[in-house]
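Take the sequences, apply the hints, and build the full model.
Residue numbers (the working numbering): 12 to 335.
In short, the hints are calculated from the structure, not lab data. Using N, Cα and C, we set each Cβ at its ideal position, and we do this for glycine too. Some clues are possibly wrong.
Unchecked claim - Dumping the calculated BS3-like pairs for lysine-lysine here, alpha-carbon to alpha-carbon at most 25 angstroms:
{"no.": "1", "residue 1": "K126", "residue 2": "K138"}
{"no.": "2", "residue 1": "K310", "residue 2": "K58"}
{"no.": "3", "residue 1": "K58", "residue 2": "K87"}
{"no.": "4", "residue 1": "K126", "residue 2": "K216"}
{"no.": "5", "residue 1": "K330", "residue 2": "K121"}
{"no.": "6", "residue 1": "K246", "residue 2": "K87"}
{"no.": "7", "residue 1": "K87", "residue 2": "K134"}
{"no.": "8", "residue 1": "K58", "residue 2": "K330"}
{"no.": "9", "residue 1": "K121", "residue 2": "K216"}
{"no.": "10", "residue 1": "K186", "residue 2": "K330"}
{"no.": "11", "residue 1": "K87", "residue 2": "K317"}
{"no.": "12", "residue 1": "K121", "residue 2": "K134"}
{"no.": "13", "residue 1": "K58", "residue 2": "K186"}
{"no.": "14", "residue 1": "K138", "residue 2": "K312"}
{"no.": "15", "residue 1": "K183", "residue 2": "K310"}
{"no.": "16", "residue 1": "K121", "residue 2": "K87"}
{"no.": "17", "residue 1": "K312", "residue 2": "K216"}
{"no.": "18", "residue 1": "K126", "residue 2": "K141"}
{"no.": "19", "residue 1": "K87", "residue 2": "K126"}
{"no.": "20", "residue 1": "K246", "residue 2": "K141"}
{"no.": "21", "residue 1": "K216", "residue 2": "K134"}
{"no.": "22", "residue 1": "K312", "residue 2": "K58"}
Claimed, not checked - So the derived label-pair ranges between C-beta atoms look like this:
{"no.": "23", "residue 1": "Q189", "residue 2": "N122", "range": "15 to 25 angstroms"}
{"no.": "24", "residue 1": "T181", "residue 2": "S316", "range": "33 to 43 angstroms"}
{"no.": "25", "residue 1": "E203", "residue 2": "K121", "range": "28 to 38 angstroms"}
{"no.": "26", "residue 1": "L60", "residue 2": "H220", "range": "25 to 35 angstroms"}
{"no.": "27", "residue 1": "K216", "residue 2": "K312", "range": "15 to 25 angstroms"}
{"no.": "28", "residue 1": "N209", "residue 2": "Q329", "range": "41 to 51 angstroms"}
{"no.": "29", "residue 1": "S315", "residue 2": "N98", "range": "31 to 41 angstroms"}
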Amino acid sequence: MGICISVASSEIHQAEDCQENVVYLAENIDSNGILRFGSLYSKQGSKGLNQDAAIFYQDYGMESGAFCGVFDGHGKNGHIVSNMVRNRLPTLLLNQMNVLANTKTTADDKNSQWKEACISAFKVMDKEIKLQENLDCSTSGSTGVVVVKQGEDLVIANLGDSRAILGTATEKGIKAVQLTTDLKPGLPSEAERIRSCNGRVLALKEEPHIQRVWLPHEDTPGLAMSRAFGDFLLKDHGIIAVPDIFYHRVAPNDQFIVLATDGIWDVLNNTQVASIVMEAESEQAAARAVVEAAAASWKRKFPSSKVDDCTVVCLFLQKEQHPN
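Below you can see the structure in the form of structure tokens.
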């Protein structure tokens with residue numbers, strides 16, 4: 012049997028403060044409309060449009076399942092790309108899982124099926140962006156980090172430099188475990204792939220700590236990540252839309268997952284974020300608490316710099332299923 016779910020039958024609820032950049036979907040929702048398994052929040056920076064997007068899709072694929080994602084757009088049309096991915100990727104992924112379930116003749120384990128489905132869905136998503144009429148994504152694109160929860164199994168797919176962490180309880184308090192790798196041009200394996208496709212990886216003199224990707228013979232566009240949706244000018248030069256895939260089996264001490272765009276990670280480390288979530292006054296307030304802490308840290312650490320957009324999704328793991 013395939014995993015069948017109708018997005019059209021889902022209720023769409025704006026999250027806290029009716030934010031248009033974040034969307035909450037649920038197949039089953041409490042009468043009071045409160046998010047049961049997570050929270051999400053986004054705050055526009057000082058660079059212009061908020062190019063971040065996020066989704067929390069409860070009961071995705073199965074009861075107590077979830078699809079969580081954050082998407083950080085960049086370039087002139089980055090806000091369009093991040094919203095397109097946010098709105099379309101959950102359906103594409105389930106479609107790919109249904110195809111695999113109906114065509115596989117061998118008893119592949121679920122994790123390998125999810126990996127294949129994620130890679131296929133990300134590639135299809137990238138093609139759909141490219142085929143959009145009147146949307147120039149030659150130097151516009153988006154990151155994407157997604158967590159799919161099916162029972163106690165987590166599948167994490169990552170494209171770009173957004174990040175997912177796990178908060179797990181220990182005798183010494185909450186411990187942060189990074190689940191993804193920030194996919195940037197400075198990583199040796201990423202740089203090797205880009206250079207093998209004649210892309211150039213180098214930093215500008217005024218920001219020597221940031222490696223960027225450039226065309227072979229032109230000083231453009233200077234992309235600061237090594238994988239992304241869109242950015243078609245660099246797709247022949249090593250930038251790919253193939254995600255890294257990770258798995259995690261939820262243990263009794265695992266408390267929550269946090270997904271966030273780099274506006275958070277540029278100013279807060281993993282341990283700080285996990286502590287903020289753990290100490291938040293409620294699960295509903297957790298995502299906003301991280302965003303507000305990051306915004307304050309931006310002003311404190313970089314008072315003369317423009318603040319980046321900050322977006323967080325929190326998925327809480329020790330929750331009971333819906334009552335029948």
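Verification of the supplied hints:
1. K126 / K138: At roughly 19 angstroms apart (the allowed maximum being 25 angstroms), K138 and K126 satisfy the hint.
2. K310 / K58: Distance of about 14 angstroms is within 25 angstroms: holds.
3. K58 / K87: Cα-Cα ~12 angstroms, so holds.
4. K126 / K216: violated (39 angstroms)
5. K330 / K121: holds (23 angstroms)
6. K246 / K87: Judged against 25 angstroms, a Cα distance of about 18 angstroms means the pair holds.
7. K87 / K134: Holds, because 22 angstroms separates the two Cα atoms, which is no more than 25 angstroms.
8. K58 / K330: violated (38 angstroms)
9. K121 / K216: violated (47 angstroms)
10. K186 / K330: Holds. K186 to K330 sits at ~19 angstroms (cutoff 25 angstroms).
11. K87 / K317: holds (17 angstroms)
12. K121 / K134: holds (20 angstroms)
13. K58 / K186: violated (33 angstroms)
14. K138 / K312: violated (39 angstroms)
15. K183 / K310: violated (31 angstroms)
16. K121 / K87: violated (38 angstroms)
17. K312 / K216: It holds: about 21 angstroms lies between the C-alpha atoms, which stays within 25 angstroms.
18. K126 / K141: holds (23 angstroms)
19. K87 / K126: Not OK: K87 and K126 at ~31 angstroms, beyond 25 angstroms, violated.
20. K246 / K141: holds (11 angstroms)
21. K216 / K134: violated (34 angstroms)
22. K312 / K58: holds (17 angstroms)
23. Q189 / N122: 15 to 25 angstroms: holds (20 angstroms)
24. T181 / S316: 33 to 43 angstroms: The hint (33 to 43 angstroms, Cβ to Cβ) holds, given that T181 and S316 are roughly 35 angstroms apart.
25. E203 / K121: 28 to 38 angstroms: holds (32 angstroms)
26. L60 / H220: 25 to 35 angstroms: holds (26 angstroms)
27. K216 / K312: 15 to 25 angstroms: holds (22 angstroms)
28. N209 / Q329: 41 to 51 angstroms: holds (49 angstroms)
29. S315 / N98: 31 to 41 angstroms: The hint (31 to 41 angstroms, Cβ to Cβ) holds, given that S315 and N98 are roughly 36 angstroms apart.
In summary, the structure is inconsistent with hints 4, 8, 9, 13, 14, 15, 16, 19, 21 from the numbered list given earlier, while agreeing with the others.
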